[in-house]
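Novice: Each chain, letter by letter, is given below.
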Amino acid sequence: MSSDAFRPCGDFKTAYSRDQTIFPTSWSRNFCILGIIAVSLAPFFADRYVLSLLIQIGYLGIAALGLNILVGFTGQISIGHAVFFGFGGFASCFLSNQAGLPPALSVPLAGLMTTAVGLVFGLPAARLKGLYLAIATLAAQFILQDFFGRAQWFTGGVNGTVAPPISLFGFAFDRDERYLYVVLAYVVLLYVAAANLLRTRDGRAIVAVRDYYLAAEMMGVNLAKYRTLSFGIASFYAGIGGALYAHYLGFMSIEGLDIGFSIQFLAMVIIGGLGSIMGSLLGTAFMILLPQAVNAMVKTLDGGAIDHALGLHEGLPFLREMMIGAAIILFLIFEPDGLAHRWKQIKAYWKLFPFSY
Amino acid sequence: MEWHLLLQLVMNGLIVGMLYGVVAMCFVLIYKASQIVNFAQGEFLLIGAWICWWLLTKQHLPFVWSFVVTLAFMMAFGLLVQIVVLRPLIGEPVISVIMMTIGLSIFFQALMKWVFGVLPQPFPPITEIASVSILGLQVQTVYLMSMAVSVLLMGGFAWFFKSSRMGLAMRATSFDQQVAQSLGISVRQVFALSWGISAMVSAIAGIVVGVVNGVSGALSIFGIKVFPAVILGGLDSIVGAVLGGLIVGVLENVAQFADSQFLKWGNLYEIAPFYVLIVILMIKPYGLFGKRDIERV
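Same order as they appear, the protein sequences are chains A and B. Oh and the first sequence: position 293 is 293 in this note's numbering, straight run, nothing missing. Oh and the second sequence: position 216 is 216 in this note's numbering, straight run, nothing missing.
Derived by calculation from the structure, the hints in this document are not laboratory data. Built from N, CA and C at the ideal position, the CB exists for glycine as well. Wrong hints could be hidden among the right ones.
[As the list claims (entries may be wrong)] To give a feel for the contact side, a few chain A residues facing chain B, derived at Cβ under 7 Å: (1) L131; (2) Y132; (3) A134; (4) A136; (5) A139; (6) F142; (7) I263; (8) G315; (9) F318; (10) E321; (11) G325; (12) A326; (13) I329; (14) P336.
Take these sequences, add in the hints, and give me the full structure.
Specialist: In structure tokens:
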């Protein structure tokens, strides 16, 4: 199957395979490969700060993609993604510390364990939708968070647990420069997997459930099965993301797995674009870079008149939180389809340039 | 001695439950009028309590005046929130609306922390008498006052929806928006007003909690505790919300009693309502009094 170099000015597809292809033009595929190469060369020219941001975008992006499959593609709302993220992290620590598995193996296994937990919570979720599901997952958030605090054998309680670095054939990925490749490999693998999932029967069934669940059921889609399935998939992605997080920090604690973190995942998905795979990564990058931008802004204003008037320096953590809230609000009002939609519009503009009609 | 403790805890539960009931009532008001689940309900309490505290301690207004000014402010605030940020979202999917209220909640919580700091601040005392004894139980006067305010608010709501013109318009709108509009009710006004009233009444609850426990960011917990209450009572029933609030309040305290006496698990006080929530969602998702959502194809 050959693909065009450019996007035709209209829809001239003659086969379903052309419609379902991940990369509609050879340019888009080449750009994607170029991006991966650029990131994999990053350790040679970027400093540790940029690398740590890239790694963060990587593991959070994986979890955000999971949430996007659940919220954006299946239309199920979850306000408890952070606990599944945390569960993945703890599971991986548990497997490598208690069960003695090598961390390279414990990460995917932690993903599977989280899937199991996600399915347990997903089964009741299969009967609920919309608001009720949102509230049920809110309850799951509090219950699992409480469980983490309680289960000393699993999470180490308030002290947290240590996570050994991932190593493969005696080569330890213990520094940012090296760990980036682990995260990059998982990001590429899981994003390609998600893109392909949506081209299968199961993927189309999931989207059908979102668009109109009654119509989907009429067409023979098993609602309960696919709602539970997408909960499981979302948990799997969250678990992998959490496991990568744990092994990156070398430490996993129950702190920070609160509802605010769950909301941040939702914000990533909304800002990136519901129902867009690339959007998940864009949204994650936005949410990671936003606090950095606020920090930079406060730094430039430091000592100035505005700083004195508002007390920016002392209010920095609150200012960052406020910016997250403001970003959610502004995106919902002005760009409800997220960054992915904006990107499409930019592409559409250039497609017709200079004769847009 | 344990029975005495239990009785005291049940009493506390009833008092807190009344407040949960009031907040749940406000939550249901918004839900009934505009089908929006408001995750920022707790922030209404928080903002109201802080504003009143600021007027009282920094501007040295008498309590009555700062109370009235706070209420007027919260009314305007609720209207403004609905008009500026929620009106553009009419017709958007549920997740967008939920995220909007979550965004509001994050924003205002952080703003309040920034403006008023993170430390809890006590309200200046309002009455001289610290506590009275009822049936051998020591009950603080502020608790009695909070109970009286709650009952008053509930009565006010009942009157508003039974007899006042605007209340009837609201009920009509929640019953059927198209019919209401064709009868000359401005649905936009009803939406805005429901937010205004909800913010105002929540602020009263916030002030009451502030007077009892002091003002701090912890007030916004009420916004989360409301969920078990409304799910228990049914999302669209005001009576259900009040009852749900009472049940959750008592349940919390009984759970704490059971925890401290027998189970020794710790933290059950906060988690018990959510277990109940899950059970209710499994066996009776429309709550005790909620309307069943019947879908026809």
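Novice: Take the hints in turn and mark each one as holding or not.
Specialist: Here is what the structure says about each hint:
Given hint, L131 (chain A) at the interface with chain B, holds; its Cβ is 5 Å from that chain's nearest Cβ, closer than 7 Å. For Y132 (chain A), the shortest C-beta to C-beta distance to chain B is roughly 6 Å, which falls under 7 Å, so the interface hint holds. With a least beta-carbon distance of about 6 Å to chain B, the hint placing A134 (chain A) at the interface is held under the 7 Å criterion. Interface hint at A136 (chain A): satisfied, since its Cβ lies 5 Å from the closest Cβ of chain B, which is below the 7 Å cut-off.
With a least beta-carbon distance of about 4 Å to chain B, the hint placing A139 (chain A) at the interface is held under the 7 Å criterion. For the restraint placing F142 (chain A) at the interface with chain B, the shortest Cβ-Cβ distance is roughly 5 Å, inside the 7 Å limit, so the hint holds. Hint on I263 (chain A) holds. Least Cβ distance to chain B is approximately 6 Å, under the 7 Å limit. Taking 7 Å as the C-beta contact cut-off toward chain B, the hint placing G315 (chain A) at the interface holds, the least distance being around 4 Å.
At about 4 Å, the closest approach between the beta carbon of F318 (chain A) and any beta carbon in chain B falls short of 7 Å, and the interface hint on this residue holds. For E321 (chain A), the interface hint holds, since its Cβ comes within 7 Å of a Cβ in chain B; the closest pair sits about 4 Å apart. Checking G325 (chain A) against chain B by beta carbon gives a least distance of about 3 Å; that is within 7 Å, so the hint holds. A distance limit of 7 Å between C-beta atoms decides the matter here; for A326 (chain A) the minimum to chain B is near 6 Å, and the interface restraint holds.
Here the hint on I329 (chain A) is kept, as its CB sits about 4 Å from the closest CB of chain B, short of 7 Å. A least Cβ separation of about 6 Å between P336 (chain A) and chain B falls short of the 7 Å threshold, and the interface hint therefore holds.
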